[in-house]
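Chains P and H supply the protein sequences, listed in that same order. Counting from 0, one number per residue, gives the positions in the first sequence under numbering that gives the first Met the number 0. Counting from 0, one number per residue, gives the positions in the second sequence under numbering that gives the first Met the number 0.
Warning: the hint list may mix true and false statements.
Stated by the list, open to error - From chain H, some residues computed to sit far from chain P (all C-beta separations above 12 angstroms):
# : residue
1 : Ala104
2 : Gly146
3 : Asn342
4 : Arg402
Said to hold, decoys possible - Where chain P lies over chain H, by a calculated footprint (3+ residues, C-beta under 8 angstroms):
# : segment
5 : 133-139
6 : 153-166
7 : 286-300
8 : 318-324
Unchecked claim - Some chain P residues flagged as far from chain H (calculated, every beta-carbon gap over 10 angstroms):
#  : residue
9  : Thr62
10 : Glu253
11 : Pro325
12 : Arg403
None of these hints come from the bench; they were simulated from the model. Note that beta-carbon positions come from the ideal geometry of N, C-alpha and C, so glycine has one too.
Number of protein chains: 2
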Amino acid sequence: MAEKIKVALLGAGNVGSQAARILVEDNAVLEKRIGAPVELIGIAVRDTNASRHWNADPSLYTTDADALIDAADVVIELTGGIEPARTRILRALKAGKSVVSGNKALLAKHGVELQAAADESGAQLSYEAAVAGAIPILRPLRDSLAGDRVTRVLGIMNGTTNYILDQMDTTGASFSDALAEAQKLGYAEADPTADVEGHDAASKAAIVASLAFHSTFTIDDVHTEGITSITADDVAAADADGYVIKLLAICEREGENGANIRVNPTLIPRQHPLAGVHGAFNAVFVEAENAGELMFYGPGAGGAPTASAVLGDFVSLARRLVLGGPGVPETSHAQLHATGLDNVVSRYSVGVLVEDRLGVLANITRILTEHGISVDSLRQSAPKEGVAQIRMVTHSAKDADLRRAIAVIDALDTVREVNSVIRVESEKH
Amino acid sequence: MAEKIKVALLGAGNVGSQAARILVEDNAVLEKRIGAPVELIGIAVRDTNASRHWNADPSLYTTDADALIDAADVVIELTGGIEPARTRILRALKAGKSVVSGNKALLAKHGVELQAAADESGAQLSYEAAVAGAIPILRPLRDSLAGDRVTRVLGIMNGTTNYILDQMDTTGASFSDALAEAQKLGYAEADPTADVEGHDAASKAAIVASLAFHSTFTIDDVHTEGITSITADDVAAADADGYVIKLLAICEREGENGANIRVNPTLIPRQHPLAGVHGAFNAVFVEAENAGELMFYGPGAGGAPTASAVLGDFVSLARRLVLGGPGVPETSHAQLHATGLDNVVSRYSVGVLVEDRLGVLANITRILTEHGISVDSLRQSAPKEGVAQIRMVTHSAKDADLRRAIAVIDALDTVREVNSVIRVESEKH
Chain P
0 MAEKIKVALL
10 GAGNVGSQAA
20 RILVEDNAVL
30 EKRIGAPVEL
40 IGIAVRDTNA
50 SRHWNADPSL
60 YTTDADALID
70 AADVVIELTG
80 GIEPARTRIL
90 RALKAGKSVV
100 SGNKALLAKH
110 GVELQAAADE
120 SGAQLSYEAA
130 VAGAIPILRP
140 LRDSLAGDRV
150 TRVLGIMNGT
160 TNYILDQMDT
170 TGASFSDALA
180 EAQKLGYAEA
190 DPTADVEGHD
200 AASKAAIVAS
210 LAFHSTFTID
220 DVHTEGITSI
230 TADDVAAADA
240 DGYVIKLLAI
250 CEREGENGAN
260 IRVNPTLIPR
270 QHPLAGVHGA
280 FNAVFVEAEN
290 AGELMFYGPG
300 AGGAPTASAV
310 LGDFVSLARR
320 LVLGGPGVPE
330 TSHAQLHATG
340 LDNVVSRYSV
350 GVLVEDRLGV
360 LANITRILTE
370 HGISVDSLRQ
380 SAPKEGVAQI
390 RMVTHSAKDA
400 DLRRAIAVID
410 ALDTVREVNS
420 VIRVESEKH
Chain H
0 MAEKIKVALL
10 GAGNVGSQAA
20 RILVEDNAVL
30 EKRIGAPVEL
40 IGIAVRDTNA
50 SRHWNADPSL
60 YTTDADALID
70 AADVVIELTG
80 GIEPARTRIL
90 RALKAGKSVV
100 SGNKALLAKH
110 GVELQAAADE
120 SGAQLSYEAA
130 VAGAIPILRP
140 LRDSLAGDRV
150 TRVLGIMNGT
160 TNYILDQMDT
170 TGASFSDALA
180 EAQKLGYAEA
190 DPTADVEGHD
200 AASKAAIVAS
210 LAFHSTFTID
220 DVHTEGITSI
230 TADDVAAADA
240 DGYVIKLLAI
250 CEREGENGAN
260 IRVNPTLIPR
270 QHPLAGVHGA
280 FNAVFVEAEN
290 AGELMFYGPG
300 AGGAPTASAV
310 LGDFVSLARR
320 LVLGGPGVPE
330 TSHAQLHATG
340 LDNVVSRYSV
350 GVLVEDRLGV
360 LANITRILTE
370 HGISVDSLRQ
380 SAPKEGVAQI
390 RMVTHSAKDA
400 DLRRAIAVID
410 ALDTVREVNS
420 VIRVESEKH
C-alpha cells in the first residue's frame, strides 16, 4: 500500500461540506479505489465557528489556508471567486501539488495561467465540477472524444435560468414571477444577476469550448445575452410554433481556424433532446464528426452532486499519484480564435410591434429581402387600439445581416418597436 | 517529440474500416493530441481482397495477425467473437502492448483473464466501444464516478431491439413486422437472435456492472429475457397505462454485498428520460448516491460512431505511453456477488386470459394477496366468445413471490393462460 495522501480542502460551503463528508464517511472505499489511504488534513474557512451543511471534526477547520496547502499532497478548492482562490491554487501547483477545483469563474478567466503552472511542475489540475455539476462532460470531451472532432456543443449549463424558463413554459408565468418562485425555492440567489444575465453559463462555455476545440478561450471570448428580456408572450409564441426557449451555451466551429462561443436564449424544436430538460437540470448536447450526436444529462448543481464530480476528479488524480508518472496535460494545439457573431448563421424569431396600416407588412418583408433574409413563417395578432404584434421566423441568416435589417425596420415610422429577436437552432444545419 | 506509435488493427469490418480511415485521414490531428507520430502499420483480415467500407493502402492488409501484433506498440481489436480474438489480445497484452477492443462478447466472458494479463505486464486495456457505441459510459463509470457509489444502472444498450419496440409503440406493428422492417433497413441482422433474445445487451450489462460496482461479473451472471414474446397488445396496454416497453439492461445493488444484473423487457413511465429514446439510439441512465440521476445518450452502433469510441480509447492510452507511467488498473475491490432474481423487487404488469365466469377475478386477486402481492390497477376487456383479457399492474413484489403466484393462477381451471408478465420500473424505489 502506497503512502497516505493528505488532502487540503479550501471552502466549506454547500459543495465543500459535502466533499468533506464524502472524504470522511466514504474514506474506506476511497482508499480501496485509489490504492492508498486518504486523510482530510484540514478545511480552510473564513470563520471556523460558522454553521455548515455537514460538520467535520471541529479541529479540522482553520483560517490559515497557506499552511494547510503547504502540508497537503492534494488541494481541493471550492471557495469560488477569483482571489484568493487564484493565488492559493498557484501556490499549490507551483509546489507540485495536484489540484481539484470547481471554480468556473476563475478557470474561465485564468485557466491558461493555472494550466501552465500545472504543466510546469507536473502537477495535475482537474475541474469537472466547474461545469454542469455532477454531469461528466469535461472528461468525456478530453478523453472519450480525444480521437474525434467536435463540431458544436449546445448546453443547458445554468440550472437557475432553466428553472425560470421551464416555469414560464409550463405555467405561462412572467419572467419576474418565475424568478421570484425560483428564489423562494432556493434555485436562484437574492442577487440573481450572474445567472439571469448569462455570466455563469458564459464561464462554463469558455471552459467547454477550450476543451472541445483544443484551444484556449476565456470568458472575454464569449458573447453573452441573458434571459431578462424574455416575455411570457415570447414563450407563448415559441410554443405556438412548436418551440421552447432555453438559455443555451453554444460553442461552434467556424471555418478552419475559428469558433464562435455564445450564451443566448434560443428557440429549439420541441422534439430536440434538450427541449425535454426540465427544472434545474442541466444537459450538454455534443455534435462530433464521427460520434454523431451525444447528450449528457443530470443535476447541474447542488452540494452532493457537485461533490460527486469533485471526488471523481480527486480519485482519478490520486490514482495517478499512487501509480507514478505525470498527469496528462491539456492539448491546445488547434488554437482556434473566437470569431464573434458577425458570421454566425442561424434562423431568427423576430417580434415587431406595428401600427395597423396598409403596407406595413410588405415594407418589413421587403427590407428583410433586401438584406438577403427570407421569412419562413409569419403570424400577426388581431390589432388592439391600432397596434398589432407580428411574429416571424426567418430562414438561416447571418447575424450581421439580421442586425442591419432590424435597425432599418426599427426606424420605420409605422413600427412602434422590434420587441423580440431570438435565435432559433435547428437540429442540423 | 516522442517516438512513433505503431498501431496494428485487427479487423476491417464496419467499425474496423472506419477506425482505419480516421487513423489515416486524421493522422496529423492525432499526432498533435498524443504528442507523438502515429502509424497504422497493418490491418489483419481473413481475405486481403474483400471489399471494404473504406479502403486503406492495399499493402496494409495482411492475413498474418501474429506478425502484425508482434511489430506493433498498440493493438486495436475489432474482429468480434471469442477466438482468435482472445488469443491475439493475450499475445499483445503479455508482450506489454496496450490494447483497445470493441469486443463485448469476449470481454463479458473473459474480461477478468484479459485484465489480469494487462495488469501483470503494465499494459493498458480499454474497451469503451464495447458498450453503447459512441456514448462515453465506461470511462465516466471508471473515472468520473470514481468517488461516488453507483446504486443502479438502467440502459437501452441494444439499438436493434429499441428500434423494434419503438416501431411497435409508434405504429402499432407486431413484433414480426417490426423485425422485418428493421432487417430491411439494416438495423437487424438476417439472424437476429443475439439481439432479440437479449444476449448482446447481456454482454454489455456484465461489463457495465463490473465497472459500476467495482466487481467482476461475466455474462453468466446476467439473467436474460428477450423481446420475442412482446405482442402488439402488450405495447397497447402499456401505452394505455402511461408506459412504454423498452428492453433494459439493469444492474442494481442488492444489500451490502450483492447485485442483480438482468436484461428484460420493462415498462417505464412515459415521462422517464429513457422513454424518449427512439429508433436505434442507446442511452444509459445511472443512479448514484451523490451524483443523483445522470443520463448518457447517443448512437449505440454504426461504423463511424463506434470508431470514435475506439479512437478516444486509443488517444488516451497513447498519451500515457508518451508520458510514461503505468495505466490505471481496474478496481474490483467490492467483489459483489450476483444475487439472481429471487429478491428483485419491482412492480409487474400481468396479462391473464380468463373465461368469462363469475368469481374469476376475485380468485386471481385472492391468490395474489395470499402471496403478499397487491394490485395497483386492473382492467378487463369486453369478453369475446366467453374469453376476456385481464391486465393488472401490481405494487412492488419480490420476483420469487410473483413467480409462485403466477404458477398458481396459471393452473386455475378458469384461466386459459397467463399471457404476459413484464416488470415495471418506477423512477425511484
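Tested hints:
For alanine 104/H, the non-interface assignment is confirmed: its Cβ lies about 22 angstroms from the closest Cβ of chain P, beyond the 12 angstroms cut-off. Against the 12 angstroms criterion, glycine 146/H falls within the reach of chain P, whose nearest CB is about 2 angstroms from its own CB. No Cβ of chain P comes within 12 angstroms of the Cβ of asparagine 342/H; the nearest lies about 23 angstroms off, and the non-interface call holds. Taking the minimum C-beta to C-beta distance to chain P, about 35 angstroms, the non-interface status of arginine 402/H holds against the 12 angstroms cut.
Counting residues of the segment 133-139 of chain H whose beta-carbon sits less than 8 angstroms from any beta-carbon of chain P gives 5, enough to reach three: the coverage restraint holds. Under the rule that three or more residues need a Cβ within less than 8 angstroms of chain P, the assignment of the segment 153-166 of chain H is violated, with 0 such residues. Remark: the segment 286-300 of chain H is confirmed as covered by chain P, as 12 of its residues place a Cβ nearer than 8 angstroms to a Cβ of that chain, reaching the required three. With 5 residues carrying a beta carbon less than 8 angstroms from a beta carbon of chain P, the segment 318-324 of chain H meets the three-residue requirement, and the given coverage holds.
For threonine 62/P, the shortest C-beta to C-beta distance to chain H comes to about 27 angstroms, beyond the 10 angstroms cut-off, and the non-interface label holds. With a least beta-carbon separation of about 18 angstroms from chain H, glutamate 253/P lies farther than 10 angstroms from that chain, consistent with its non-interface assignment. A cut-off of 10 angstroms between C-beta atoms contradicts the statement that proline 325/P is not in contact with chain H; the least separation is 5 angstroms. Distance to chain H confirms arginine 403/P as a non-interface residue, since its nearest Cβ pair spans about 37 angstroms, more than 10 angstroms.
Hint check: violations occur at hints 2, 6, 11; the rest are consistent with the structure.
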